[in-house]
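*Asks:* Taking the hints into account, I'd like the entire structure generated from these sequences.
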Amino acid sequence: MKNKTDIAGIAGLSTSHVSFDDAESKSVLDGSTQSTPEYKFQTPLDQLPARPAGPKSSNTTDAYIHESLPHSVPIAGASTSAVTHQQATQRKGTDEIYGLGSLPSAGPGRWEYLANPGNWHPERRKLHEKLLDQARSSALTLAESLESDGCQPTLFALRGNTATGKTRIATKKIPVLAAALKKTAGKGCVNPDVFKSSLAKSETGAKIFSSAQVHSESSFLADRFEGGLRSQKTGSGAIASIVVDKRLSREYEIDSYIQLAKETGRKVELCDIDAPLENSLVGVLQRKPEGEDPRPPYPVVSSGFVAVRSNRMYVIDRFIADPSLGNYRLFGTAEDGEKVMVASVIGGEFSVENAELYEKITSPQLSVTGDLADKVIDKELIDRLENNIADPERAAKTRAALEKYSGKSWSAALAAHSELI
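For the record, in the sequence shown the residue sitting at position 319 is 319 according to full-length UniProt numbering, with numbers rising by one throughout.
Hints were generated in silico from the structure; no laboratory data involved. Note that the structure is a prediction, hence the values are computed from the model and not measured. Keep in mind that the hints are not guaranteed to be accurate.
[To be verified] Result set (EDC-like, lysine to aspartate or glutamate): computed pairs, CA atoms no more than 20 Å apart in a straight line: (1) Lys126 - Asp149; (2) Lys92 - Asp133; (3) Lys207 - Glu419; (4) Lys233 - Asp133; (5) Lys360 - Glu419; (6) Lys130 - Glu147; (7) Lys360 - Asp383; (8) Lys207 - Glu123; (9) Lys187 - Glu129.
[What the hints assert, rightly or not] Beta-carbon label-pair distances, calculated as ranges: (10) Lys375 - Gly150: 47 to 53 Å; (11) Glu96 - Glu393: 39 to 45 Å; (12) Pro323 - Arg384: 30 to 36 Å; (13) Ser351 - Glu129: 45 to 51 Å; (14) Lys379 - Gly150: 23 to 29 Å; (15) Glu96 - Pro323: 46 to 52 Å; (16) Pro117 - Lys233: 20 to 26 Å; (17) Pro299 - Pro323: 20 to 26 Å; (18) Ala396 - Gly109: 22 to 28 Å; (19) Thr171 - Gly347: 21 to 27 Å; (20) Ser231 - Asp322: 22 to 28 Å.
Positions of the beta carbon are idealized from the N, C-alpha and C atoms, including for glycine.
*Replies:* Written as structure tokens, this is what we have:
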């Protein structure tokens with residue numbers, strides 16, 4: 001059993017070894033041949049209407065489209081106070097507000113509708129193109145930074161439930177990736193929430209929509225963004241590396257990204273990050289309305305927790321069965337809140353560093369979600385969670401976030417937090 005795991009030639013590094021620092025002991029890209037026979041459409045774990053597993057071009061007719069926004073809806077650039085009052089009473093999604101014509105009901109038809117630029121108000125369409133151009137530029141900068149550090153074409157995947165510490169792992173445990181993300185200020189990753197902050201603002205920069213209101217619009221843009229990265233190349237002509245930051249809880253998502261990597265000559269470096277459900281719930285409550293991170297309600301976080309743990313062994317088995325894929329690393333959360341290496345599959349060789357934690361975080365843990373939904377955030381719970389964190393600053397932030405919702409259940413607290421603007 002290994003006490004320290006090194007990345008021997010991570011992502012094909014040809015000049016030096018890049019190691020994980022264990023001192024702390026802390027939409028699938030569309031391809032023409034992509035096939036997902038077991039799951040035709042995604043299940044709405046992330047509060048989205050069911051949509052095709054990959055971005056698809058639309059053949060939707062423009063016949064029913066009209067040229068102006070419906071009456072009595074907020075328009076980007078209007079006064080902040082008027083818009084805030086209006087949207088607070090209507091709570092419509094931006095796909096309803098800025099879409100032209102009649103928005104199809106939840107299902108594949110809605111995603112085909114959203115994917116057709118002609119179905120959006122012209123000003124909103126311009127914003128979409130601007131945001132996509134910025135994202136593509138950041139993705140290219142990210143890829144070229146990785147290439148300059150000797151990284152061969154790689155698909156880096158950060159797997160884990162909402163608020164499990166994926167960003168911490170990327171910036172503290174993977175030096176080559178941390179350096180690249182620093183150059184782009186963390187931008188350029190494939191993530192369904194990457195466009196939310198910009199979509200939630202008016203033309204004057206005031207935030208007028210909640211995270212939930214822009215969720216569908218951001219997700220459809222993320223699909224378009226992903227689709228363009230499949231064949232993206234760096235200035236040298238080499239295929240560009242990609243960084244995927246998603247829950248990746250479903251088997252077909254893993255299969256599709258692995259297929260993408262194989263078809264495009266990329267290796268896979270997958271970091272699987274686990275955290276107890278309570279930690280994720282606290283993490284969501286610490287997220288600020290003006291920030292870029294999503295603030296999903298309780299059912300989304302709890303179902304994500306179960307799905308990620310339930311399918312973890314499937315992911316591990318894929319890397320054991322095919323050493324040519326690349327490498328897999330599993331990180332867990334120690335009792336003091338720090339991230340620690342739990343297990344790895346390096347070149348097909350499976351190794352467990354923490355057997356007790358490994359057994360715990362590869363089990364479905366189905367019952368805990370029902371127990372926590374109605375659990376009240378009281379002084380005893382706040383004290384316990386604060387005392388479990390070794391870092392004083394993080395402990396103080398945890399207490400502050402929880403005290404705002406003292407007396408509420410986890411479910412009620414996350415519901416209220418998700419609606420803040």
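*Asks:* Tell me if the straight-line CA distance from Lys130 to Glu147 falls inside 20 Å.
*Replies:* 26 Å, violated
*Asks:* Taking the Cβ atom of Lys379 and the Cβ atom of Gly150, is their distance within the range 23 to 29 Å?
*Replies:* Violated: the Cβ-Cβ distance is about 52 Å, outside 23 to 29 Å.
*Asks:* Against the 20 Å threshold, does the CA-CA distance of Lys360 and Glu419 hold or violate the hint?
*Replies:* The hint is violated at about 33 Å.
*Asks:* The hint says 20 to 26 Å between Pro299 and Pro323; measuring C-beta to C-beta, is that right?
*Replies:* Check failed, 38 Å falls outside 20 to 26 Å.
*Asks:* Please check whether Ser231 and Asp322 have a Cβ separation lying inside 22 to 28 Å.
*Replies:* 23 Å Cβ-Cβ, so the 22 to 28 Å window holds.
*Asks:* State, for the Cβ atoms of Thr171 and Gly347, whether the hinted interval 21 to 27 Å holds or is violated.
*Replies:* Check passed, 25 Å falls within 21 to 27 Å.
*Asks:* For the hint 47 to 53 Å, verify it against the beta carbon of Lys375 and that of Gly150.
*Replies:* 48 Å, holds
*Asks:* Falls inside 46 to 52 Å, the C-beta gap from Glu96 to Pro323?
*Replies:* Cβ of Glu96 to Cβ of Pro323: about 48 Å, so the range 46 to 52 Å holds.
*Asks:* Under the criterion that the straight-line Cα-Cα distance not exceed 20 Å, is the pair Lys360, Asp383 satisfied?
*Replies:* 24 Å, violated
*Asks:* Is 22 to 28 Å right for how far apart the beta carbons of Ala396 and Gly109 are?
*Replies:* 48 Å, violated
*Asks:* Taking 20 Å as the top limit, are the C-alpha atoms of Lys207 and Glu123 close enough?
*Replies:* 17 Å, holds
*Asks:* Does 39 to 45 Å hold as the CB distance between Glu96 and Glu393, or does it fail?
*Replies:* Distance hint for Glu96, Glu393 holds at roughly 41 Å.
This entry does not satisfy hints 1, 2, 5, 6, 7, 12, 14, 17, 18, going by the numbered hints stated previously.
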